[in-house]
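Protein chains in written order, with numbering that gives the first Met the number 0: chain P, 0 to 353; chain W, 0 to 518.
Just so you know, the hints here were simulated from the structure itself, not pulled from any lab data.
In this text, a Cβ means the ideal position worked out from N, Cα and C, and glycines have one as well.
Worth double-checking, as some hints may not be accurate.
Chain W residues, not near chain P, derived (Cβ > 10 Å throughout) [unchecked claim]:
#: 1; residue: H39
#: 2; residue: V275
#: 3; residue: I319
#: 4; residue: Y373
Some chain W residues near chain P, calculated using beta-carbon distances under 8 Å [to be verified]:
#: 5; residue: I224
#: 6; residue: S403
#: 7; residue: E405
#: 8; residue: Q408
#: 9; residue: V409
#: 10; residue: R427
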Amino acid sequence: MKDLLLKEIDYSYFHQNVLTGVNFVGKDQQITTILGESGSGKTTLLKIIAGLLRPDSGEIFLGEKIFFDKDHYIPCEKRRFGYVPQDGALFPNLNVFSNITFGLKKKDRNSKDIYDLLNKVELTHLQHRMPYQLSGGQKQRVALARALAIRPELILLDEPFSSLDANLRNDVRLEVKGILNEFNTTAILVTHDQDEALSVSDSVAILKKGKFICQNSPKNLYTNPPNLEVASYFGQINILDGILKQNIVSTEIGNLKANTSYISYKNKTSADLKVKVLIRPEQIVVNLQENQNRKFKAINVEYFGHDSLVELTLDTESKVLQSPLLMRNSTAYPIYPNDLMAIDILGEVLVYDE
Amino acid sequence: MKYFKIQNLFLSSICALIGLLLVSPLAFMIYQSSKVGYHHLKSLIFRQITSNLLINTIELAVLVCIFACLLGTFLAVLVNRYTIKFAKTVTTLLIVPLAIPDFVIGYAYNSIFPSISGLFGAVLVMTFNTYPLVFLPVNAAMKRSNHSLGLLARTFGFNRVQIFFKVTLPQIKAAITGGSLLVILVLLSEYGAFEILRFNTFTTEIFSEYQIGFNSAGANALSLILVAIAMLVLWFEYKISRDNQRQLDNTTRFEETTKSFRISLAFYLTTIPLIVFAVGIPLYVIFYWIINNNHADAFSLPILPAFIHTIEFGVFAGVISTLLAIPVSYFAIRTKSKLSVIIDRSSFLIQSMPSLVVALSFVYFAIRLAAPLYQSSLLIVMAYSLLFFPLALVSLKGTLSQISPEYEQVAKTLGLNSVKIFLKVTLRLIMPGIISAFSLVFLSTVTELTLTLVLVPNGINTLATSFWVFETNNSYSQAAPFALIMVLMATIPSLTLNKWFAKNQTKLNNITLTTALTA
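Start from the sequences and build out the full structure, keeping to the hints where you can.
Shown next, in the form of structure tokens:
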């Protein structure tokens, strides 16, 4: 197993702490995504892994091999990690083939492996083209192939899809994921795009202000976030106040079945515990059978084609919701502003200490 | 840690040496002045001639700036706000005066109309030569300015004049001021045109004091004042161009322009006479003297040796300046440290020194410390290289700043060491910058007169010195072929600069032009 392991990495720039005590694991042959907002330190961390920046302290391992600690430092050019920058950074004066073979010795440039690589990334027919003759997606494939050509043990991708337009982005994302899986390479991807993190990765680590706040599989992070902060990284959420009694939480929209996994042990025993309740918009569905108790009113409908996001409020003057309730609704059953309805909450809702 | 430090140490040592080289002419001039003694220096500075020269300089600067600003701003506004037929072609012609050395325009007017001299002649000739220095930055600022603000003002009922003063002018004010300061810098360093037009300025006085038995003390004292004024102007220019760049909104806009017959008429009524006077007449006069050559056959003139020497000096200066500028530009752009900023700024010191002052500091240096170098080709090439170093530096910095450091980072991750990265990646990517740096220095050397007159080795003539020898002997027809060759050879840098201004509006500041034109 050649996991990438970062221990207690500190990095400061002009006396300002960019990364503090960062611990991180990139699993062998998996794609691990570092998700963070602009300025969170994610690109800095990637450059530290690449050896382009030198941390102030900490340790970096790949498997058993030490790349950095207080006594060792392997410079970037000796690490042989593949690096794919944001816009590909293809050398504008070289054609596709020369770009891909740039990091190889002359004798290796015409080897069978290279032509296999060209085939796998579907660039054989484009090998004589110059970078300016390529589309955005093709450029990214060349950049990836160039990084793979040196047979790296680790490949680092710095927001590789951000310069692509929305339609192309999804296709290229899938292509890149396919190529990385085919090469069984350990990959670290940096992005600020939550959809990208969820769709491409085997594991996602969230970096905030130079510290990781969580690392888990995309599914777990979405469906079972350890706290509300992590939940807020992935799509819209409803947060309600609630009173927890055993496994039932009473909220302003009614009593709901609660998942208390994240309630701290000492609080679990207390009666009538004040909690925060997390409800994903897709957990809320219209109850078509209920005709009598239609107490919710749609106040705003945002249409997305495949579904719509509906803002709901209570249809009474005596009781007002703290904030409108967000619901995802399939466009097969369209909802219009001012429609009245009854709703159901699917499954358990996650509750957290206040 | 060691790994990082050794590379940086090597590069910073080279750059520090180049920085010392750049500071040396100014340091030598100050040292030379200090040897005279405080009281003597004070008496040399505060003499009647100084105040006369200051008055002359201020009069000239005020008048030329007013005319250059009026012409440059008026034309830039019209070109950018109105649809005028053939405006692009006319705009190209409008910057051609940059390609004609000032002393050639001076010669053209003075040889045909000897009465054009003194302040009037100087204002006329220098206005024709320097209005593009205001036109170019204002034109660039107009392209960046927000036209919709003007349209908005129209909906409030503002007329064209009100829109210009309340909306357009605030957006181009910095460019006009920056352009005017460049004009002043050119005026401060010009020698040839003022000598021909018999108008006394600091440079003409310094030159004559230098010639009168190497009166180094007097010439030095005046040089100090000149450099102080130039530094002040350059500092203002730097501040304004920096503030201007901070305020820039880099969005490229497509602006709809309006058609107006009256505006087109006004444009042509201004530009046609301007191009005729600034370009047409000088070229006509050159051809007139070539055709009416009563003295000798043009083929008997020593054109070829002068041409070859000019090319030789230009090539060597171009190569040396570019070689010096490569590490400094790399250090300035890629390494953000206090030292890199200091070394980068030291090029300002050389920029603040008019070519005559640089030449004199080299003379004193050779006489005092390196006698074998005096009157040698090596000395003049060294002087050219330092004088035009800022030009090469700006070219390379402009190119390098547009090349993402990611190319070098990728190469590093692919296993290349720093030397290989520099040779295989950086050098190849900055090649256009290297070529343009070389070309600009080479072509500026070709038209450099003042420094050449002071430092050219005995028995060697360049195009500029040959022209000067014939011109000062009133052998206008013999001077004409040299003038023509210089004008033709200098057309290229002005076109390059124009292209650069269009391409890199935010990257380049006006310093490029300053250095090109202080030649």
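* To do: Compare the structure with the hints numbered earlier in the document and write down the numbers of the violated ones, lowest to highest.
  => Of the numbered hints, just 5 does not hold.
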